[in-house]
Amino acid sequence: MKILVCISKTPDTTSRIAFKDNNTGFDDAGVQWIINPYDEWYALVRAIELKEKDPTAVLHLITVGGADTEPIIRKALALGGDEAIRVNSSADDSFNISSQIATIARSGAYDLIFTGKETIDYNASSVGGMVAELLDMPFVSLATKFDLVGNTATISREIEGGEEVCEVSLPVVVSCQKGVAEQRIPNMRGIMASRTKPLKVVEPIAVDNLTAVVSYELPPAKSGVKLIDADNVAELVRLLNEEAKAI
Amino acid sequence: MVLIYVDQADGHIKKSGLEALTYGAALAIQMGVPAEAILLGTTTENLALLGSYGISKVHHAGSESLNTMDAQVYAKVISEAATKTGATVIIFSHNPTGKAVSSRVSAALKAGLVAGAVALPDTSNGFSVKKSVFSGKAFAHIAIQSGVKVISINPNSFYIKADAAGTATVETFVPTAQNAKITVTAVNKVTGEVPLTEAEIVVSGGRGLKGPENWGIVEDLAKVLHAATACSRPVADAHWRPHHEHVGQTGFQVAPNLYFAIGISGAIQHLAGVNRSKTIVVINKDAEAPFFKAADYGIVGDAFEVVPKLTAAIKQLKGIN
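Chain order of the listed sequences is A and B. Position 48 of the first sequence, counting from 1, maps to 48 under this note's numbering, and the rest follow consecutively. Just remember that this note's numbering sits 247 ahead of the position in the second sequence, which is counted from 1.
These are calculated hints, taken from the structure and not from any lab test. Certain hints may be false.
For lysine-lysine, the following DSBU-like pairs were computed, each having C-alpha atoms within a straight-line distance of at most 35 Å [to be verified]:
1. Lys53/A - Lys75/A
2. Lys20/A - Lys357/B
3. Lys262/B - Lys222/A
4. Lys540/B - Lys20/A
5. Lys384/B - Lys75/A
Just chain A, with the same shape it has in the complex (with noise of 0.2 Å):
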C-alpha cells in the first residue's frame, strides 16, 4: 500500500494577523510557521498508525512551496513517513497546487491520499476534491474516523447535525478532521532520523493560477464590550431585543 500526505505551511494559530504592500500581501514579519494542524494532527497521524499496523506500507508526504517551507516538511518527517517530495512552486492558488500534487500523485500510484479538512490561513476546504477530481478517484471528505480493512476503507464524515458512516473501496481521497487520530509530538528519534530522510525537490508543471489575492482587509474593530450589572439581566435583554435585534 502506498500513502500520500499533504502537507501545508501555516502561520500558528496565535499569530498577529497584518498586511503589506497596501494591503496586498501577507506580512509574515514575526510569523511562526507551523504544519496546518488539520494535516499534522488527523492526516499525518493517521497515515503513521497505519504504516505502524503494515509495516510494508510506504509513506510519502508531499508539499507545494519555495525553498523555505523545507523546515516544515522536515518537521512532519520527524513524525513519521518514508521520503518527503517537495513541489517548488509557490503555493497561492488551490487548483494550481492540486494540478501539482496530482501529477506526483498520478506518477506514484498511490491507494490512499490523506489531506486536511482545510487550512487554517485561506480555509477554503478545496485541495483535497480537487486532487480526487483530477485523479477522477473517490474523495471522502470531513474525515472523522478511518478504518482500514484489506481493500475497504470505512469511514465516518461529517455531515449536517450529525455524522454519516461510509464505506469505499481504495483507491480514495479522504480530508481529516479532529477524531480520525489523536496529535503526536515527535520524539529525538524522530527528529534525528527526519534529517537524512529523502527531500526530493520536484520542478513544477505549467499551470495557469484561477485565481488571485486582489487585496486583505481586516474586520473593522469592536466597538468595545457593554458590561452589564450581574443584578440587571433585563436590561442585557432589552439590548439584544431592541439594538442588536438578535433575539
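Given the coordinates of chain A, assemble chain B onto it according to the supplied hints.
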C-alpha cells in the same frame, strides 16, 4: 446564467440551500443574467415554488441513486448540467456537501473557486469575491480569472429572501449514468436538537460550569431561544459534552447571529471558531477573561445565578410561561 446548487437532506431543502438561492439570484440580477437552480435526488419539496427566491428554472436530477452524497458523482452531474446550460457562475453553500463538491466542479471545469464567500462579488472591474481568511481574523478579496466561476458561500452570511413574484419552471435533468463508489452504511443524526452549524443562536458553555451535571442552565437558555448548544474544547476533551458540540479552531466554526459564551475564558483557538458571530455575549465571573475583549455585551458574574435569571427574563419577553 448563474446556476445554484440547492442542497437538501431527506428530501427537504436545507437552510444553507435557501441561502445559496438568495445569493445566486441577487448575483444574477447584478450581472443581468438569468438564475437557475439544480437539485439532486428525490425531494418532497414543490420545486416550482423556488421561483419566489428569484430563479426562473429548476433542473431536477431526481434519481434515487443521487440520494447518497458521493462527491465524485455529484460533481459529474453538476458539471454536466453547468456545461449543457451554459452556466458562467456556479453557486454552492460552504457546507459539508458544498465543500466536497464545489472543489471537484472547479477542477473539472477549470473554473476558479472562491470558497467561503461572505459578500456578493464585485463585478465593476473584473470579478472578485470577498471571503473570510485566517480563521475569521481577516478577509481577502480574490479575483477569479477563468471564464466559468465557482463560489461557495459561508453559511449564515446571507439573509434568505423569498419575495420574488412567479414560479419556476421545473425540468427533469437526466445526467449520463454514473456509478457511485461510496456506500453509506449508517447515518447518526442528532434528532430533536438544532444543528449547530445551522443555528441562528448558539449557547455555549465552558469549564466555568464545573461539570456535566450543571449543563441544565445552558440547555434551558438554549430551549427558550430555540438555540443550539455548544462547548469549548476542554469540555469536549473531558467528555462532559459530545465532540460534535465543540466549537473552536479544531472543532466546528460557527457564525450565528448571537453567540452566548458562558464560563469560557476565550482562548484564541476558541475565538477562531466563533469570531464570525454577529453578536457575542460573554458571561464570566472573571472580569479579566480575554473573551470580554471580543464580546459585544458582557456580564461579570456567577453563571449559576445569572443564566437562570436571563432565561426567565427572555421567557418574559417572549411571553412563555
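Each hint tested on the structure:
1. Lys53/A - Lys75/A: holds, 22 Å
2. Lys20/A - Lys357/B: holds, 30 Å
3. Lys262/B - Lys222/A: Between Lys262/B and Lys222/A the Cα gap is close to 28 Å, so the pair holds against 35 Å.
4. Lys540/B - Lys20/A: holds, 25 Å
5. Lys384/B - Lys75/A: Roughly 26 Å separates the two Cα atoms, so the pair holds.
Figure legend: structure checked against the earlier numbered hints; every hint is met.
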